[in-house]
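Number of protein chains: 2
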Amino acid sequence: MKKVINNPENVVKEMIEGFIFANSDKFRKLENVNGIINKEGKDKVAIVTGGGSGHEPLFLGFVGEGLADGAAIGNVFAAPSPNTVQEVSKAVDTGKGVLFIYGNYSGDVLNFDMAAEFLEMEDIETRTVTVADDVASAPYDRKKDRRGIAGDVFVLKVAGAAAEKGLSLDEVTKVAQKASDQSFSMGVALSPGTIPDSGDPTFTLADDEIELGMGIHGEPGMERSKLVPADELTEKLMDKLLAESHIEKGDEVSVLINGLGSTTLLELFIVNRKVAQILNEKGINVYDMDANSYCTTQEMGGFSISLLKLDDELKELYDAPANSPYYHK
Amino acid sequence: MKKVINNPENVVKEMIEGFIFANSDKFRKLENVNGIINKEGKDKVAIVTGGGSGHEPLFLGFVGEGLADGAAIGNVFAAPSPNTVQEVSKAVDTGKGVLFIYGNYSGDVLNFDMAAEFLEMEDIETRTVTVADDVASAPYDRKKDRRGIAGDVFVLKVAGAAAEKGLSLDEVTKVAQKASDQSFSMGVALSPGTIPDSGDPTFTLADDEIELGMGIHGEPGMERSKLVPADELTEKLMDKLLAESHIEKGDEVSVLINGLGSTTLLELFIVNRKVAQILNEKGINVYDMDANSYCTTQEMGGFSISLLKLDDELKELYDAPANSPYYHK
Numbered sequence: 001m002k003k004v005i006n007n008p009e010n011v012v013k014e015m016i017e018g019f020i021f022a023n024s025d026k027f028r029k030l031e032n033v034n035g036i037i038n039k040e041g042k043d044k045v046a047i048v049t050g051g052g053s054g055h056e057p058l059f060l061g062f063v064g065e066g067l068a069d070g071a072a073i074g075n076v077f078a079a080p081s082p083n084t085v086q087e088v089s090k091a092v093d094t095g096k097g098v099l100f101i102y103g104n105y106s107g108d109v110l111n112f113d114m115a116a117e118f119l120e121m122e123d124i125e126t127r128t129v130t131v132a133d134d135v136a137s138a139p140y141d142r143k144k145d146r147r148g149i150a151g152d153v154f155v156l157k158v159a160g161a162a163a164e165k166g167l168s169l170d171e172v173t174k175v176a177q178k179a180s181d182q183s184f185s186m187g188v189a190l191s192p193g194t195i196p197d198s199g200d201p202t203f204t205l206a207d208d209e210i211e212l213g214m215g216i217h218g219e220p221g222m223e224r225s226k227l228v229p230a231d232e233l234t235e236k237l238m239d240k241l242l243a244e245s246h247i248e249k250g251d252e253v254s255v256l257i258n259g260l261g262s263t264t265l266l267e268l269f270i271v272n273r274k275v276a277q278i279l280n281e282k283g284i285n286v287y288d289m290d291a292n293s294y295c296t297t298q299e300m301g302g303f304s305i306s307l308l309k310l311d312d313e314l315k316e317l318y319d320a321p322a323n324s325p326y327y328h329k
Numbered sequence: 330m331k332k333v334i335n336n337p338e339n340v341v342k343e344m345i346e347g348f349i350f351a352n353s354d355k356f357r358k359l360e361n362v363n364g365i366i367n368k369e370g371k372d373k374v375a376i377v378t379g380g381g382s383g384h385e386p387l388f389l390g391f392v393g394e395g396l397a398d399g400a401a402i403g404n405v406f407a408a409p410s411p412n413t414v415q416e417v418s419k420a421v422d423t424g425k426g427v428l429f430i431y432g433n434y435s436g437d438v439l440n441f442d443m444a445a446e447f448l449e450m451e452d453i454e455t456r457t458v459t460v461a462d463d464v465a466s467a468p469y470d471r472k473k474d475r476r477g478i479a480g481d482v483f484v485l486k487v488a489g490a491a492a493e494k495g496l497s498l499d500e501v502t503k504v505a506q507k508a509s510d511q512s513f514s515m516g517v518a519l520s521p522g523t524i525p526d527s528g529d530p531t532f533t534l535a536d537d538e539i540e541l542g543m544g545i546h547g548e549p550g551m552e553r554s555k556l557v558p559a560d561e562l563t564e565k566l567m568d569k570l571l572a573e574s575h576i577e578k579g580d581e582v583s584v585l586i587n588g589l590g591s592t593t594l595l596e597l598f599i600v601n602r603k604v605a606q607i608l609n610e611k612g613i614n615v616y617d618m619d620a621n622s623y624c625t626t627q628e629m630g631g632f633s634i635s636l637l638k639l640d641d642e643l644k645e646l647y648d649a650p651a652n653s654p655y656y657h658k
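Going down the list, the sequences are from chains A and B. Once you know that position 14 of the first sequence is 14 in the working numbering, the rest is easy, because the numbers rise by one and skip nothing. Once you know that position 239 of the second sequence is 568 in the working numbering, the rest is easy, because the numbers rise by one and skip nothing.
No wet-lab data here; the hints were simulated from the structure. It cannot be assumed that every hint is accurate.
As the list claims (entries may be wrong) - SDA-like cross-link-like pairs, simulated, lysine to any residue; straight-line CA separation at most 25 Å:
#1 A/LYS13 x B/PRO549
#2 B/LYS368 x A/ASP123
#3 A/LYS2 x B/ASP537
#4 B/LYS473 x B/GLU548
#5 A/LYS2 x B/LEU534
#6 B/LYS355 x A/ASP251
#7 B/LYS569 x B/GLU581
#8 A/LYS42 x A/ALA78
#9 B/LYS371 x B/THR423
#10 A/LYS13 x B/ASN609
#11 A/LYS236 x A/ASP141
#12 A/LYS329 x B/ASP617
#13 A/LYS2 x B/ASP568
#14 A/LYS2 x B/GLY550
#15 A/LYS165 x B/ASN652
#16 A/LYS329 x B/GLY370
#17 A/LYS29 x A/ASP123
#18 A/LYS13 x B/VAL557
#19 A/LYS236 x B/ILE607
#20 B/LYS368 x A/PRO321
#21 A/LYS26 x B/HIS657
#22 B/LYS342 x A/VAL286
#23 B/LYS658 x A/TYR318
#24 A/LYS29 x B/ASP560
#25 B/LYS355 x A/ALA276
#26 B/LYS368 x B/GLY436
#27 B/LYS578 x B/LYS555
#28 A/LYS165 x A/THR128
#29 A/LYS26 x B/ALA605
#30 A/LYS236 x B/ASN339
#31 B/LYS342 x B/SER353
#32 B/LYS358 x A/ASP231
#33 A/LYS2 x B/THR423
All chains, please: the whole structure from these sequences, using the hints.
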């Protein structure tokens, strides 16, 4: 796979430089670490997100009004260092504490936890909400063990709005945790992405094969099968997603159809159409729908369907303004 | 290439249905044609855009506040029918006339022109601005013969703002024409997209080969070469783009790095970094930069660099609010 890069060792550094050139009025990079912060520091609880590079626009594209205040950027598919998380947190903390929001992967957990310990020694209070929405990665009764995929978007949206509203660190954490608890996603892989540093594909699949529930880094899924028409595929995913989320008739949800890289908007809309039809048939109320590629794995083919089960509190926060270069509400 | 579709004959119909499910609060599909309009009809000059499907989020994703009022959607890579353009125009006209904005392709010109004739018979006044920004497709002294690619975004932005401001049909047309005249793009192809109906690639390129200036439908470019590092490639494109646009020291530009489908944001940022450096070195003032995949060709690999040469009038319109599902300002 051809990649438009220079020295593979510099992709993250150069990506961040290019991002900052495009957004220098709003954001800046910290001097010694791969951290990006919103220049407009508001007097509120700070939200810090982050993770490996390669999933753009997550995470750096979700720094902005009503979303994250800073992003700690790791190398491609690698957690940001504790030092990076620490520096970003110090740069955005206004004394009201910092909430970490990131996908539930062991490397990220380790490094964000270490950063939290260092920050405690510097009297900066932190809380953590790990996003654990991928229903293919663990059963319902082990929800907290699930991997984090596109559900990050829901949790950042809700937490960002709660912080803008002036809630306390514990209050923002509580509602962000609720958003994570009520986020459920199910994906399908069609083709691999390429790791920019090595040029290697993240996995292999036959020309007519797909894998249901595969993780965004190629983590094993639930079932390999032949490619089936979009409606049949969407039904399969929705069956599993609804069973594993316990979302049922009368519930209200926001929907996100997230493309993994090379799957086109045309295809995402075709999936969205079927998701809407299924939810309507089942008497599940659709509050909002979005189709976009927010959480990618380079040019990986495939998509995920995410549902956020709403209540009045979550709806109010979901509807609040949000504005970053790659997400707007 | 695996595609998430059902019957290939239904991709456009189902795509539009999925789009409307996601945006039913703001937009509606016209009953008998593949046309989408903004429900909130404002008393102003109407902007109608359109073209073939397969380039999403263009064109339907650019209907919204400060952008287009309606989009006429053709089949994949095929112009919308005159009847579709006509129906969309009738649905959005408020008596102040309709400005057509679309890329300069013969099929689109033919059908929009026919629609204009029919509309004249119904006493609906129309004007046309074809976007002709691709410097690889014709020399500077035949600017108007150039193909339209990502420059559509600049022209829609400027024209949409002018219409919102309450300008007359002739005034909106004049400034939209200026935006088209001052939009210049240069692209490079890395890999083909797939036509969803047939499953065929739009062209072929060897594994280590790229084509400078190839059109978004695979129209012949200027030069095939081996893949080179991002900075070298960007320099080559910028040399040609600046020569063919007559943009020089002291000028002020907005920049758009447009991904064609599977080229990642990480790569677009790396290109943007080099573009910023080149413009800075040459003393060309950068007013704004954006990197996104607005004008795609399915999962085609590659990108284009677009420059809009600004003056005070264009800057004011460029900065005005705009809000559609896939473009925000």
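Going through the hints against the structure:
Between A/LYS13 and B/PRO549 the CA atoms are separated by roughly 34 Å; this puts the pair beyond 25 Å, and the hint is violated. Pair hint B/LYS368 plus A/ASP123 does not hold up; C-alpha atoms about 52 Å apart against a cutoff of 25 Å. Distance check on the hinted pair: A/LYS2 and B/ASP537 sit about 7 Å apart at the alpha-carbon level, within 25 Å; holds. For the hint pairing B/LYS473 with B/GLU548, the CA-to-CA distance comes to about 17 Å; that is within 25 Å, so the pair holds.
Distance check on the hinted pair: A/LYS2 and B/LEU534 sit about 11 Å apart at the alpha-carbon level, within 25 Å; holds. Using a Cα cut-off of 25 Å, the hinted pair B/LYS355 and A/ASP251 holds, with the two alpha carbons roughly 23 Å apart. Proposed proximity of B/LYS569 and B/GLU581 is supported: the alpha carbons are some 18 Å apart, at most 25 Å. Restraint check for A/LYS42 and A/ALA78: the C-alpha separation of about 30 Å exceeds 25 Å, so the hint is violated.
For the given pair, B/LYS371 sits about 8 Å from B/THR423 by alpha-carbon distance, which is consistent with the 25 Å threshold. With a CA separation close to 19 Å, the supplied pair A/LYS13 and B/ASN609 stays within the 25 Å bound. Between the alpha carbons of A/LYS236 and A/ASP141 the distance comes to roughly 21 Å, so the proposed pair stays at or under 25 Å and holds. For the hint pairing A/LYS329 with B/ASP617, the CA-to-CA distance comes to about 22 Å; that is within 25 Å, so the pair holds.
For the suggested pair A/LYS2 and B/ASP568, the alpha carbons sit about 22 Å apart, so the restraint of at most 25 Å is met. Annotation: proposed proximity of A/LYS2 to B/GLY550 holds, straight-line Cα distance about 18 Å (limit 25 Å). With a CA separation close to 24 Å, the supplied pair A/LYS165 and B/ASN652 stays within the 25 Å bound. Distance hint between A/LYS329 and B/GLY370 is fulfilled; the C-alpha atoms sit about 21 Å from each other, no more than 25 Å.
Restraint check: the Cα-Cα separation between A/LYS29 and A/ASP123 comes to about 24 Å, which is no more than 25 Å; the hinted pair holds. Under the criterion of a C-alpha separation no larger than 25 Å, the hint pairing A/LYS13 with B/VAL557 is consistent with the structure, at around 19 Å. Our distance criterion of 25 Å between C-alpha atoms is broken by A/LYS236 and B/ILE607, whose separation comes to about 50 Å. The suggested pairing of B/LYS368 with A/PRO321 holds, with an alpha-carbon distance near 21 Å, which does not exceed 25 Å.
Straight-line distance between C-alpha atoms of A/LYS26 and B/HIS657 comes to about 15 Å, which keeps the hinted pair within the 25 Å bound. Distance restraint check for B/LYS342 and A/VAL286: the Cα-Cα separation of roughly 21 Å lies within the 25 Å cut-off, and the hinted pair is therefore satisfied. Restraint check for B/LYS658 and A/TYR318: satisfied, since their Cα atoms lie roughly 20 Å apart, inside the 25 Å limit. About 21 Å separates the Cα atoms of A/LYS29 and B/ASP560, which keeps this hinted pair within 25 Å; it holds.
A threshold of 25 Å between alpha carbons decides the hint, and for B/LYS355 with A/ALA276 the separation of about 17 Å falls inside it, so the pair holds. Between the alpha carbons of B/LYS368 and B/GLY436 the distance comes to roughly 28 Å, so the proposed pair goes past 25 Å and is violated. At most 25 Å may separate the alpha-carbon atoms for a hinted pair to count; B/LYS578 and B/LYS555 exceed this at roughly 31 Å. The hinted pair formed by A/LYS165 and A/THR128 meets the criterion: a straight-line CA distance of about 19 Å does not exceed 25 Å.
For the suggested pair A/LYS26 and B/ALA605, the alpha carbons sit about 17 Å apart, so the restraint of at most 25 Å is met. Between A/LYS236 and B/ASN339 the alpha-carbon distance is near 21 Å, which keeps this suggested pair within the 25 Å criterion. With a CA separation close to 16 Å, the supplied pair B/LYS342 and B/SER353 stays within the 25 Å bound. Between B/LYS358 and A/ASP231, the direct Cα distance comes to roughly 21 Å. Compliance with the 25 Å bound is thereby established for this hinted pair.
Of the pairs offered as hints, the one joining A/LYS2 and B/THR423 is violated, with about 49 Å between alpha carbons and a cut-off of 25 Å exceeded.
Comparing the model with each earlier hint shows violations of hints 1, 2, 8, 19, 26, 27 and 33; every other hint is respected.
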